[in-house]
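*Asks:* Take a look at the letters that make up each chain.
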Amino acid sequence: MNAPATHPAALPLRLAGVGKEYRVYDSPRARLKALLTGRALHRSHWALQDVSLELARGQCLGVVGHNGAGKSTLLKLICGTLQPTTGQIERSGRVTAILELGAGFHPDFTGRQNLYFGGSLIGITHEQMAVLEPEVLAFAEIGEAIDRPVKTYSSGMTVRLAFALVTALEPDLLIIDEALAVGDQHFQKKCIERIQSFRDHGCTILFCSHSPYHVRHLCDVALWLDHGRMMEFGSTEAVLGAYEKHSRLLGGERAETAAAPLPYERGPDSALILSCDIADLGDGDPPTLHSPDLVATITVRGKGAERPNIGFMIEQERGVGITSLATHEEDAAPTEVEPGVWRSTLTFPDLPLHSGDYVISVFLFDETGLVTYDLWFQFKVIRIVSPTLMPGLVRLPHHWS
Amino acid sequence: MVFRALITECRQLWRLRGLLAVLARRELGARTAGSAGGWLWVWLPPLLTIAAYYLLFDVVFGMRLGAGAPTARVGTYLVVGMLAWQAFADATQRGMGSLLDAGSLLHKNPLPPGLFPARAVLASGVVFAPLLLALLPLYMGAHQWRAGVWAVLPLLVLQALLSFLLAYLLAILAAALRDVAQGVQVLLSLGVFLSPVLFPLTLFPERWRWLLWLNPMTAPVLGYQSALLQGAWPPLAVWLALLAWIGVLAALLSLALARSRDQLVDWL
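Keeping their order, the protein sequence lines are chains G and R.
Note that our numbering gives residue 281 to position 281 of the first sequence, counting from 1, and the numbers run on in steps of one.
Note that our numbering gives residue 191 to position 191 of the second sequence, counting from 1, and the numbers run on in steps of one.
Read the hints as simulated data drawn from the structure, not as lab findings.
It should be emphasised that the depicted structure is a prediction, and the values quoted were computed from it without experimental measurement.
A couple of the hints might just be wrong.
What the hints assert, rightly or not - Capping the alpha-carbon separation at 25 Å, the derived lysine to any residue pairs in SDA-like fashion look like this:
| # | chain 1 | residue 1 | chain 2 | residue 2 |
| --- | --- | --- | --- | --- |
| 1 | R | 108 | G | 112 |
| 2 | G | 33 | R | 179 |
| 3 | R | 108 | R | 26 |
| 4 | G | 380 | G | 351 |
| 5 | R | 108 | G | 132 |
| 6 | G | 33 | R | 186 |
| 7 | R | 108 | G | 172 |
| 8 | R | 108 | G | 199 |
| 9 | G | 33 | R | 264 |
| 10 | G | 33 | R | 101 |
| 11 | G | 33 | R | 93 |
| 12 | G | 151 | R | 31 |
| 13 | R | 108 | G | 127 |
| 14 | G | 303 | G | 138 |
| 15 | G | 380 | G | 344 |
| 16 | R | 108 | G | 11 |
| 17 | G | 33 | R | 266 |
| 18 | R | 108 | G | 49 |
| 19 | G | 33 | R | 251 |
| 20 | R | 108 | G | 14 |
| 21 | G | 189 | G | 273 |
| 22 | R | 108 | G | 85 |
| 23 | G | 189 | G | 216 |
| 24 | G | 151 | R | 38 |
| 25 | R | 108 | G | 24 |
| 26 | G | 151 | G | 139 |
| 27 | R | 108 | G | 196 |
| 28 | R | 108 | G | 87 |
| 29 | G | 380 | G | 317 |
| 30 | R | 108 | G | 19 |
| 31 | G | 303 | G | 155 |
In isolation and in its complexed conformation, chain G is listed as follows (with noise of 0.2 Å):
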């Protein structure tokens, strides 16, 4: 299967028929025995089977899968820290992954010489570290404590550090494993600034993550694997469509939808959610909304001067989306009531749902939509009495003729 618009001349990745079989062995002394051996006393999991793709230049491609899939499975081999069993792949240029940020740092040596072994790792000589110290140093915004040792850092401080590492050199292929929120709120917007100019610069991008709302605003092609097989493969909004119908069938197992429930940050001068009230909410549990419209007004504090976005997403009881909007993607800007307190009002117009309970979910988003910066997910539910009593769950703009 081949992504749109690609050139064979340019491809930074080709995968053909890749596959990867763990061997599972009944005990550890199973192992060494097949080890002495050479006799296969294992089962075989396939965690991954016949992977076939290419991405061009500049592309960026989504992997969504439920847990097991193959996501990670798939990264590893492609980062090259896994081998494939079967098939092959092809890298060129220079490959970046962002996987667990600091984890090879050594807590009793100082910042500064666990970048600079860091950056032997991932191929920057001592020479090379040298020329990008200052604006590793400066992105990472860790100012003299590079020369302390990193048992002393905060979590939020190696994490900068080590995300400034891998990053310090414009990789051809960047690989990203759920690892967009790094660091404060602050950080994390300046990781995706870096990541967003890789690709303005023709980075290519594969981005794993169980946020369908990352990979729609990031990639332009996607890739849905499930049980280690290819599903579907292809434009984005095509892809997740069909995943996200998938989970859906699945029935128990809730839709991974927008952001993760992620430890948001949560300080005195943090971008957060301050209120969602819906009006004309009655008494009961769930409460009952006695008005035909449906009005949220939704207030956030922002960070700094920046204008920030607001969510609002309506799903049925068990957690399936009926309609998820948000101020960015509709240029309605919240207006500042107060400085750095933003407000926005959403009104549904005789809310054409039928009876039954809802809950509501909210999201706080920078400037761009790309960084979430504050998330109440499922924080309340509702419940709606329509007059119709006709079965379904929406009544559609109609006619009869």
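Here the structure of chain G is known, so what remains is to put chain R in place on it, guided by the hints.
*Replies:* Chain R in isolation, oriented as in the chain G frame:
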């Protein structure tokens, strides 16, 4: 070809020799990180061993070995074999655990696994090789710079190669089954008695003497004793035994590499 997997690995190590040096420096640095004594703590234990043997056996007790020994002085004799043995045991133990220790690095970075046992052997070499070479002038009275004394240099290189092959092979086996590490530690504790480190070869009963050749360090220890204590070039049997051990270990390692190629990182 038997050695294909090993040759591929060695080529990668040669290509990444700069990184290997960085890794070895870091391993030594990590051993002393945070201490005021620094490198002193790396060299102090073997230096104390040398000093203790010399003072105790040669100065205090003045013990002497019988006829057939390469030297009469017990302390002088022990220092040579014990330094070589300590270097071997240190490299083997650290190299054997190196893959397990480097598991997280190997999961995140596309590096050849052989870098890590090689790093351990190189770091041990940096500690022990200067000490063994320092014996050259100290033992001048015994060897008087006869030509045979320079056999120490090829012996050091061959011992490093022997240690690397054994450590890497054991590291793969330990990755497959963790108990290997415990078993090898027991063997290393016993091995020193099944070698000419503590007693001259001639003191072992003749009909059991062949057992000593099952110890990979018997040949190098005899070689060092010959060069440093007598200034004589080690006999052909020493070189042949050493090369045979290297050949066997290289073949076994190559086989283990070929069999574990796709899975080694998964085991860590």
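*Asks:* All hints, please: hold or fail.
*Replies:* Evaluated hints:
| no. | hint | verdict |
| --- | --- | --- |
| 1 | R:108 to G:112 | holds, 20 Å |
| 2 | G:33 to R:179 | holds, 13 Å |
| 3 | R:108 to R:26 | holds, 18 Å |
| 4 | G:380 to G:351 | holds, 17 Å |
| 5 | R:108 to G:132 | holds, 22 Å |
| 6 | G:33 to R:186 | holds, 21 Å |
| 7 | R:108 to G:172 | holds, 18 Å |
| 8 | R:108 to G:199 | holds, 23 Å |
| 9 | G:33 to R:264 | holds, 15 Å |
| 10 | G:33 to R:101 | holds, 23 Å |
| 11 | G:33 to R:93 | holds, 22 Å |
| 12 | G:151 to R:31 | holds, 16 Å |
| 13 | R:108 to G:127 | holds, 23 Å |
| 14 | G:303 to G:138 | holds, 21 Å |
| 15 | G:380 to G:344 | holds, 18 Å |
| 16 | R:108 to G:11 | holds, 24 Å |
| 17 | G:33 to R:266 | holds, 17 Å |
| 18 | R:108 to G:49 | holds, 22 Å |
| 19 | G:33 to R:251 | holds, 18 Å |
| 20 | R:108 to G:14 | holds, 21 Å |
| 21 | G:189 to G:273 | holds, 18 Å |
| 22 | R:108 to G:85 | holds, 19 Å |
| 23 | G:189 to G:216 | holds, 18 Å |
| 24 | G:151 to R:38 | holds, 19 Å |
| 25 | R:108 to G:24 | holds, 22 Å |
| 26 | G:151 to G:139 | holds, 20 Å |
| 27 | R:108 to G:196 | holds, 23 Å |
| 28 | R:108 to G:87 | holds, 22 Å |
| 29 | G:380 to G:317 | holds, 10 Å |
| 30 | R:108 to G:19 | holds, 20 Å |
| 31 | G:303 to G:155 | holds, 22 Å |
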